[in-house]
Amino acid sequence: DVKVTQSSRYLVKRTGEKVFLECVQDMDHENMFWYRQDPGLGLRLIYFSYDVKMKEKGDIPEGYSVSREKKERFSLILESASTNQTSMYLCASSLTSRETQYFGPGTRLLVL
Amino acid sequence: GNSVTQMEGPVTLSEEAFLTINCTYTATGYPSLFWYVQYPGEGLQLLLKATKADDKGSNKGFEATYRKETTSFHLEKGSVQVSDSAVYFCALSFNDMRFGAGTRLTVKP
Chain A
438 DVKVTQSSRY
448 LVKRTGEKVF
458 LECVQDMDHE
468 NMFWYRQDPG
478 LGLRLIYFSY
488 DVKMKEKGDI
498 PEGYSVSREK
508 KERFSLILES
518 ASTNQTSMYL
528 CASSLTSRET
538 QYFGPGTRLL
548 VL
Chain B
4 GNSVTQMEGP
14 VTLSEEAFLT
24 INCTYTATGY
34 PSLFWYVQYP
44 GEGLQLLLKA
54 TKADDKGSNK
64 GFEATYRKET
74 TSFHLEKGSV
84 QVSDSAVYFC
94 ALSFNDMRFG
104 AGTRLTVKP
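Residue numbers (my numbering), protein chains in the order written: chain A, 438 to 549; chain B, 4 to 112.
Since the hints were made in silico from the structure, they are not lab data. Treat the hints with caution; some may be incorrect.
[To be verified] Incomplete in silico selection of chain B near chain A, CB under 7 Å:
1. S35
2. G46
3. L49
4. S96
5. M100
6. F102
7. G103
8. A104
9. G105
[What the hints assert, rightly or not] With a Cα cut of at most 27 Å, we get these calculated BS3-like pairs of lysine-lysine:
10. B/K63 <-> A/K440
11. A/K494 <-> A/K440
12. A/K507 <-> A/K455
13. A/K508 <-> A/K440
14. B/K52 <-> A/K440
15. B/K59 <-> B/K71
[Said to hold, decoys possible] Computed beta-carbon distance windows for the label pairs:
16. A/K507 <-> B/S6: 40 to 46 Å
17. A/Y487 <-> B/K111: 39 to 45 Å
18. B/L49 <-> A/T520: 41 to 47 Å
19. B/G44 <-> A/K494: 25 to 31 Å
20. B/T29 <-> A/N521: 26 to 32 Å
21. A/K494 <-> B/S6: 17 to 23 Å
22. A/K508 <-> B/L16: 22 to 28 Å
23. A/P476 <-> B/Q48: 15 to 21 Å
24. B/Y33 <-> A/K440: 27 to 33 Å
If you're wondering where the values come from, they're calculated on a predicted model, not measured in any experiment. The C-beta atom is built at its ideal place from N, Cα and C for all residues, glycine as well.
Please construct the entire structure, taking both the sequences and the accompanying hints into account.
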């Protein structure tokens with residue numbers, strides 16, 4: 438079974454802090470994704486990566502950056518956390534862009 | 004662009020009731036269609052999928068048929084259980100994955 442893990446289930450940070458969310462997948466998938474999930478808005482794509490060191494902006498990249506130095510690891514960075522970034526963050530991976538995505542358990546981030 | 008519209012919730016049913024959650028899509032090509040389920044406190048997991056017109060995806064008693072003529076992929080289950088309580092997301096995949104807003108289902112004993 439594909440396993441996608443995220444570094445934290447819950448995080449509490451202060452406004453202005455730099456926040457790192459890490460995601461690791463164990464199935465050698467090419468594609469990795471970061472979404473945020475908010476009530477009534479479904480999942481919105483922040484960034485995705487189709488290869489090591491490659492990244493593409495999603496629908497809502499503002500205030501975020503990403504890093505993919507190794508195939509199995511995809512990090513989401515909030516350069517200066519703000520209260521409107523309080524959300525559930527979900528990481529996913531897939532073999533190709535059309536295939537099933539496999540999700541981690543999510544990180545619930547609260548920015549105070 | 005590609006998009007998915009799904010039935011708004013929440014939906015509350017009694018155990019053994021029939022479930023339908025509507026999903027329609029807009030796409031310029033021929034996407035793959037998915038239903039994902041999110042149980043409380045967890046990430047999304049694939050429930051079923053269909054990759055071409057008239058395909059039927061099925062899993063755990065749930066079914067959905069890829070209808071190109073009506074651009075729909077409605078989720079159905081004949082008899083829901085309390086354990087089916089979750090949030091259900093319709094999604095399409097062409098060059099990227101597009102998700103619906105999600106429908107929360109609560110099944111009461």
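Evaluation of the provided hints:
1. S35: Holds, because the Cβ-Cβ distance from B/S35 to chain A comes to roughly 6 Å (cut-off 7 Å).
2. G46: At 4 Å from the nearest chain A Cβ, B/G46 passes the 7 Å test, so the hint holds.
3. L49: holds, 5 Å
4. S96: holds, 5 Å
5. M100: holds, 6 Å
6. F102: This interface hint holds because 4 Å falls under the 7 Å limit.
7. G103: holds, 6 Å
8. A104: Check passed: Cβ of B/A104 comes within 4 Å of chain A, closer than 7 Å.
9. G105: This hint holds: B/G105 lies near chain A, its Cβ roughly 5 Å from the closest one there, short of 7 Å.
10. B/K63 <-> A/K440: holds, 21 Å
11. A/K494 <-> A/K440: Holds, because 24 Å separates the two Cα atoms, which is no more than 27 Å.
12. A/K507 <-> A/K455: holds, 21 Å
13. A/K508 <-> A/K440: Holds, at roughly 14 Å.
14. B/K52 <-> A/K440: Holds, at roughly 20 Å.
15. B/K59 <-> B/K71: holds, 12 Å
16. A/K507 <-> B/S6: 40 to 46 Å: violated, 33 Å
17. A/Y487 <-> B/K111: 39 to 45 Å: Since A/Y487 and B/K111 have Cβ atoms about 44 Å apart, the given range 39 to 45 Å holds.
18. B/L49 <-> A/T520: 41 to 47 Å: violated, 33 Å
19. B/G44 <-> A/K494: 25 to 31 Å: holds, 29 Å
20. B/T29 <-> A/N521: 26 to 32 Å: holds, 29 Å
21. A/K494 <-> B/S6: 17 to 23 Å: Since A/K494 and B/S6 have Cβ atoms about 18 Å apart, the given range 17 to 23 Å holds.
22. A/K508 <-> B/L16: 22 to 28 Å: Hint violated: Cβ distance 43 Å, outside 22 to 28 Å.
23. A/P476 <-> B/Q48: 15 to 21 Å: Taking Cβ atoms as reference, A/P476 and B/Q48 lie about 20 Å apart, which means the hint holds.
24. B/Y33 <-> A/K440: 27 to 33 Å: holds, 31 Å
Consistency with the previously given hints fails for numbers 16, 18, 22, ordered from lowest to highest.
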